[in-house]
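Let's have the full structure, built from the sequences with the hints guiding it.
Protein chains in written order, with this note's numbering: chain A, 2 to 87; chain B, 21 to 357.
Keep in mind that the hints were calculated from the coordinates and are not lab data. Every value quoted in this text rests on a predicted model; they were computed, and no experiment measured them. Errors might be hidden in some of the hints.
Within a straight-line C-alpha distance of at most 25 Å, the following computed BS3-like cross-link-like pairs (lysine-lysine) qualify [as the list claims (entries may be wrong)]:
1. Lys20(A) / Lys37(A)
2. Lys60(A) / Lys218(B)
3. Lys6(A) / Lys60(A)
4. Lys37(A) / Lys328(B)
5. Lys66(A) / Lys208(B)
6. Lys208(B) / Lys70(A)
7. Lys20(A) / Lys238(B)
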Amino acid sequence: MLEIKVLGVGCTNCVNLEKLCREVVAENAIEANIQKVTDFKEIAGFGIMSTPGLVINGKVVLSGKLPTKSTLTHWLMDALAEEETK
Amino acid sequence: MKNKSLILFILLPVWIVLYNYLQPITDYFVDSILEMEKRSHLTESIRFFIFEVPKVMLLLTLIVFVVGIIRSYFSPERTRKILGGKKLFVGNVLASMLGVVTPFCSCSAIPLFLGFVESGVPLGVTFSFLIAAPMINEVALVLLFGLFGWKTALLYMSTGLIIAIISGYIIGRLKLERLVEEWVYQVKAGHLDVVEEKIPFSHRITAGLDAVKEIVAKVWIHIVIGIGVGAGIHGYVPENFMAGLMGKSAWWSVPVAVIIGVPMYSNAAGIIPIVQALLEKGASLGTVLAFMMSVIGLSLPETIILKKVLKLRLIFIFVGIVAIGIIIVGYIFNFIF
Chain A
2 MLEIKVLGVG CTNCVNLEKL CREVVAENAI EANIQKVTDF KEIAGFGIMS
52 TPGLVINGKV VLSGKLPTKS TLTHWLMDAL AEEETK
Chain B
21 MKNKSLILFI LLPVWIVLYN YLQPITDYFV DSILEMEKRS HLTESIRFFI
71 FEVPKVMLLL TLIVFVVGII RSYFSPERTR KILGGKKLFV GNVLASMLGV
121 VTPFCSCSAI PLFLGFVESG VPLGVTFSFL IAAPMINEVA LVLLFGLFGW
171 KTALLYMSTG LIIAIISGYI IGRLKLERLV EEWVYQVKAG HLDVVEEKIP
221 FSHRITAGLD AVKEIVAKVW IHIVIGIGVG AGIHGYVPEN FMAGLMGKSA
271 WWSVPVAVII GVPMYSNAAG IIPIVQALLE KGASLGTVLA FMMSVIGLSL
321 PETIILKKVL KLRLIFIFVG IVAIGIIIVG YIFNFIF
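So, in structure tokens, the structure goes:
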């Protein structure tokens with residue numbers, strides 16, 4: 002089960018990132034919990050200074066832009082593989 | 021990747037030729053193909069529109085691409101590191117200049133503010149950044165350069181920088197830290213360890229192309245509408261119509277322009293073409309410059325967002341200082357030109 006957090010308030014890219022995450026998760030039948038984080042304290046806690054930010058299993062993988070679909074899929078697959086080896 | 025660079029290499033000469041022959045192409049199109057009556061209001065409006073839209077779009081594509089590459093060398097994290105613990109003034113100058121090149125979106129203003137303040141960037145220095153970043157951006161500079169010429173673009177940029185530096189310095193001097201919401205100082209911001217990896221240049225080219233895609237997709241419609249309205253003014257509004265309202269003799273026009281401009285929310289792409297047409301009809305440069313700066317630099321939605329971290333008094337002080345700076349700039353230019 003992946004814990005995915007999309008950090009950001011209101012900006013178009015933040016909305017798009019959440020959509021993209023849901024899309025990739027659905028297409029690859031990944032078990033994941035996608036959460037949108039809008040609390041500034043929490044966002045700052047991750048050290049994110051430009052939104053959107055993306056956190057997979059507690060690790061910040063990106064801030065300030067939208068990833069391409071293939072990059073995002075790649076990250077999620079990597080995180081899954083890591084989980085399995087644990 | 022090699023293909024991409026090759027295509028770009030071929031596109032550049034095409035760009036240059038198109039840009040340089042835009043006027044004859046437009047004239048040929050309007051006079052010979054459309055066979056429009058010369059010098060009528062409608063013809064001149066259409067000629068203006070057909071010439072300016074592709075010109076601005078060509079400029080926009082090239083500049084946004086170049087700026088996208090430049091921006092890939094700067095990140096908010098790096099900027100924060102540079103600004104941390106910097107003294108007033110030197111810090112303000114640096115922050116304003118970094119505000120121009122660091123990627124910034126007003127929707128990230130709060131996380132950026134928290135990140136800066138938490139890691140010890142002084143309040144006044146943070147404000148210099150927050151003033152310069154939205155006011156001086158590549159879209160505004162492209163439109164100013166394309167429609168007004170390089171002198172005005174340079175004037176806008178340098179006076180914008182001066183306003184950001186001085187306003188931030190004053191806010192720093194006033195020691196207003198107590199007017200920042202208390203919780204801001206309790207935030208324990210995480211620090212992303214941005215590995216200073218060597219990014220290959222091809223990735224930077226991709227970053228430039230991404231910037232073109234994102235920004236052009238966002239602003240083209242504003243440019244088309246803005247130039248459309250500008251073209252209408254260009255063709256139909258009589259010469260010197262604006263002289264009484266926004267001309268030099270109307271001393272009150274500068275503060276009025278700022279008061280109207282602050283709550284107006286438009287991006288540079290929509291407002292600059294309209295303002296250019298007004299200038300042509302007798303408005304004075306200082307007034308026009310003040311109006312643009314207040315629309316682009318001080319926007320209501322952004323100040324409302326800042327309410328989350330700043331007490332209302334500080335927001336008023338911030339808007340007041342910047343507005344006064346803009347008014348002074350307006351008067352200076354009306355006086356000189």
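Comparing the hints with the structure gives:
1. Lys20(A) / Lys37(A): holds (11 Å)
2. Lys60(A) / Lys218(B): holds (21 Å)
3. Lys6(A) / Lys60(A): Given pair Lys6(A), Lys60(A) holds - Cα atoms ~10 Å apart, limit 25 Å.
4. Lys37(A) / Lys328(B): Answer holds: Lys37(A) to Lys328(B) is near 19 Å, not above 25 Å.
5. Lys66(A) / Lys208(B): Given pair Lys66(A), Lys208(B) holds - Cα atoms ~24 Å apart, limit 25 Å.
6. Lys208(B) / Lys70(A): violated (32 Å)
7. Lys20(A) / Lys238(B): This hinted pair holds, its Cα atoms lying about 19 Å apart.
Against the hints set out earlier in the document, a violation occurs for number 6 only.
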